[in-house]
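If you read the sequences in order, they're chains W and S.
Each residue of the first sequence is one higher than the one before, starting from 1 at the first, in our numbering.
Each residue of the second sequence is one higher than the one before, starting from 1 at the first, in our numbering.
I should point out that these hints are in silico values taken from the structure, not numbers from a laboratory.
Don't take every hint at face value.
Label-pair restraints from in silico Cβ distances [to be verified]: (1) H152(S) - E196(W): 38 to 44 Å; (2) T61(W) - K155(S): 34 to 40 Å; (3) D194(S) - A192(W): 19 to 25 Å; (4) K275(W) - F92(S): 55 to 61 Å; (5) F92(W) - S47(S): 56 to 62 Å; (6) N198(W) - K280(S): 56 to 62 Å; (7) P18(W) - E196(S): 48 to 54 Å.
Distance condition first, Cα-Cα at most 27 Å in a straight line; then the derived DSS-like pairs of lysine-lysine [as the list claims (entries may be wrong)]: (8) K123(S) - K162(W); (9) K221(S) - K247(W); (10) K161(S) - K155(W); (11) K135(S) - K245(W); (12) K278(W) - K135(S).
Note that beta-carbon positions come from the ideal geometry of N, C-alpha and C, so glycine has one too.
Protein chains: 2
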Amino acid sequence: SSERVVAAGGGGWLPEFPNLSPSHRDLMAGILSEIDSRAGPLLLPSSVPADVRSFENEQGTCRGALDIRPGVVDGSTIDFILASWLHCELPFGALDITTMFGFLNATTDAPHLLMEFIQSSPKSLIIFMDLLPRKDLVLHPDHLTTFYEDTHIDKQRLELKKVTGALPYFSNSLYIRSVLSPTAIALNISLAEDGEVNMEEVLRDRVSPVSKEVARTWLDKCVCSERVVSEVERADLVRRDSLIKTKTVEIDLAANLPRLFGPDVAERVVEAIQKAFKIK
Amino acid sequence: SSERVVAAGGGGWLPEFPNLSPSHRDLMAGILSEIDSRAGPLLLPSSVPADVRSFENEQGTCRGALDIRPGVVDGSTIDFILASWLHCELPFGALDITTMFGFLNATTDAPHLLMEFIQSSPKSLIIFMDLLPRKDLVLHPDHLTTFYEDTHIDKQRLELKKVTGALPYFSNSLYIRSVLSPTAIALNISLAEDGEVNMEEVLRDRVSPVSKEVARTWLDKCVCSERVVSEVERADLVRRDSLIKTKTVEIDLAANLPRLFGPDVAERVVEAIQKAFKIK
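Using the sequences and the accompanying hints, generate a full structural model.
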């Protein structure tokens, strides 16, 4: 196997995914490098079997890679970090999806991190970046203040909103919409077919800096913040987090992977994720 | 006084507010008439003193009207219906805000209704229409299904999104954003200065039909739905609703009314609302 050995704290993630454009690849590498630089020592090596770390469909038209690194058992607020790459040659063109999930455990009630980038054509990019709330913000306005107002995270949304062709994006899934925070970056950037700007520049010059800032905010204010969580709150967090994980797998993966990779590969990948998510 | 006497079940709301444009006036009248036709018998007469039902600032440049009708004590799921009209002559032009709040009591966990229309220029309209969730939808996906998926309410958002010049609107207040549902209509319609379409037509032909459909959905699926609510849930609902009411008054009214109407009038109006909201 050409995969690098992944060592705890060694900053090791999956090797460069060959099918992505350079800027899209650098974007994900940049985010993971931010994570490593601060949270590397809090992470264990990859927990994913080799045939899930890298997989493809029978025809060889779709390729995927998945890496999940659990947090160390003692003293880490991190439950796991998930990173995934997906490349599919479809009738209408290539589809590229990269995802990064930073899930915290119930020793803290600070938000999770979600990053997702979906390129379904050279001129189109859908972006999700968010600190996913752990509690109902209507009932816990102090959470809103601590993690969303005092961190000035909405500035990052306003920054990306300025990109020409960027419009707010609404997921078809109402559940996904309800999981997002009020400062969620959910954008669809559509570049003019004959325009001068190309997506590589947008990814490199606009999306990448914002993604690093969001990752840094998460590392500083969520991963590394000291929170006091009671036993009762802890049980509530576990229950709510489990629902998010179950629903996300259901909506995002179980619905799409079989179509792209066939039932066997899809089942293997979904099972590995469910195991890491502790929802099965 | 020129005000009509308001009688329970008589469909009586405040008289026509003179300062609104015809289509904006018809919009609010249409919504209140929908409410009356179904919920009229469930409502008591106005509970607001005369000097709050109609008020203005010293200079006579700002005028407001407020009506609050509580639900009947027995057998109504309605806590109160609030309707308000605001007209201000400001240095940059006229500002018109109409608001309609339908709040349910804790015998049901079905959503509240919010409608707000803000015209700050003849070419600009900000719209809020939403079924405000009573529970954390992430933790209660059954609520999402019952009130937001099965009702197909998102169709109404998609309908209004088609209006030329309509763009998603993000409130400056993160709390207001977090109170809204995943199907909330939060739009800013900006018409071209030299365009052929005028706002009166948009209000009459596009906004009004959608507002009636949203009101009907609320009446059918929320006001009139049979819900089983346990004692514990009831206490939770009261706590969450109180927070929404307190925060809304704080963010929306306490911040803006003194500026527009002076401290004395503002205090009187805010107090009447707090009394109806049972938050003071």
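If you check each hint against the structure, which ones fail?
-> none
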